[in-house]
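Number of protein chains: 2
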Amino acid sequence: MEEKIPGFVRHTSDISEKEMDGGARIRWLITHRDGAPTFSMRHINIPVGKSTPFHSHDYEHEIFLIEGEIEATIGDLKCNAIKGDFLFIPPNAFHGMKAVRDAKLICVVPVKVAREMLGS
Amino acid sequence: MEEKIPGFVRHTSDISEKEMDGGARIRWLITHRDGAPTFSMRHINIPVGKSTPFHSHDYEHEIFLIEGEIEATIGDLKCNAIKGDFLFIPPNAFHGMKAVRDAKLICVVPVKVAREMLGS
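Chains R and V, in that order, give the protein sequences.
Just so we're aligned, residue 1 is where the first sequence starts under the numbering used here, counting upward by one.
Just so we're aligned, residue 1 is where the second sequence starts under the numbering used here, counting upward by one.
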C-alpha cells in the first residue's frame, strides 16, 4: 500500500535560518523531505545592504516580495522591487538581489535543487 | 539558436483577478506563458467568509500566507493559519481554505496545472 504523505501548517519561525553568500539568510520551508514532488519553497531574509549570491544556474526562480525593497539584477535588467512585486528569473539568467531596505521574500525552485543542496 | 526567455519584475496589481468557486479571487502571476518550465506562482485573495474550492487533485500546493487569517482543511487536519504560516498540501489530499479575516496568500502549483486551466 502506498504511504500517505501528510500535509501540514507551520510557521516560518519554526524553520532554522542559514546564511548565504552575500549575507542573506535562507529558510527551506518545504522540500523533498516533506514529500514535495515537484518544487521547493524557501523564505529569504535580506538585511539592508546584504544580498543573495550573484550567479546563474540551469533552473528557474519564482519570487514574491513580502516586505521591504530590493535592487534586483536579472540578466541585463536592473530594477528595484517592493512588497507585492514578483520576479521571474529564467534558467541560466545571471541574477542577484540586494536589499535597499530590510527585505523578506518567497523564492521557489525545482525540488531537485533542495535535493542537491540539502541531501536526501 | 535557442531563444532566450526574458526575466521580469512585475507588481501583483498588473495581473487581472478571476473569481474561483467559493468566492476567493486568483491571479496567475507566473506561468508557462512566461516560459516557466516547472511550476507556476499564483496570488489568492480571500475576503472574510469566502473560500477557495474544497476539492482534491493529483498535484501538490505549497502556500505562504502573506496577510490575514484562514481556516485550513488538509485531509483530516483542520487548523487556523496566520501571516508567516506556510502550508503543504500533498497530492490527493482533500483541502480548502476559508478566510477568518481578509487573507492574501501565494500558492504554487506544477506548471501543467496552469497549462490545463489557462490553455497554451
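Hint data in this document are derived by calculation from the structure and do not stem from the laboratory.
Be careful, since some hints might not be right.
What the hints assert, rightly or not - Rough simulated footprint, nothing fancy, chain V against chain R, three-plus residues with beta-carbon under 8 angstroms:
1) 17-26
2) 51-63
3) 85-99
Said to hold, decoys possible - Far from chain R, some chain V residues (derived; all Cβ distances over 10 angstroms):
4) K4
5) G35
6) M41
7) V48
8) E60
9) D102
10) R115
From the three backbone atoms N, C-alpha and C, an ideal C-beta is built for every residue, glycine too.
Hint-by-hint comparison with the structure:
1. Given as covered by chain V, the region 17-26 of chain R fails the check, having 0 residues with a CB less than 8 angstroms from a CB of that chain where 3 are the minimum.
2. Coverage of a stretch by a chain is defined here by at least three residues with a beta carbon nearer than 8 angstroms to that chain's beta carbons; for the region 51-63 of chain R and chain V the count is 3, and the condition holds.
3. Only when three residues or more bring their CB closer than 8 angstroms to a CB of chain V does the claim for the region 85-99 of chain R stand; here the count is 9, and the claim holds.
4. K4 of chain V, annotated as away from the interface, has a beta carbon of chain R within 10 angstroms; the closest lies near 8 angstroms.
5. Remark: the non-interface label on G35 of chain V conflicts with the geometry, its nearest Cβ contact in chain R lying 6 angstroms away (cut-off 10 angstroms).
6. At roughly 4 angstroms, the least C-beta separation between M41 of chain V and chain R is not larger than 10 angstroms, which violates its mark as non-interface.
7. With a minimum CB-CB distance of about 19 angstroms to chain R, V48 of chain V clears the 10 angstroms threshold, and the non-interface call stands.
8. A cut-off of 10 angstroms between C-beta atoms contradicts the statement that E60 of chain V is not in contact with chain R; the least separation is 6 angstroms.
9. Here D102 of chain V stays apart from chain R, with its beta-carbon at least about 15 angstroms from theirs, past the 10 angstroms limit.
10. Distance to chain R confirms R115 of chain V as a non-interface residue, since its nearest Cβ pair spans about 14 angstroms, more than 10 angstroms.
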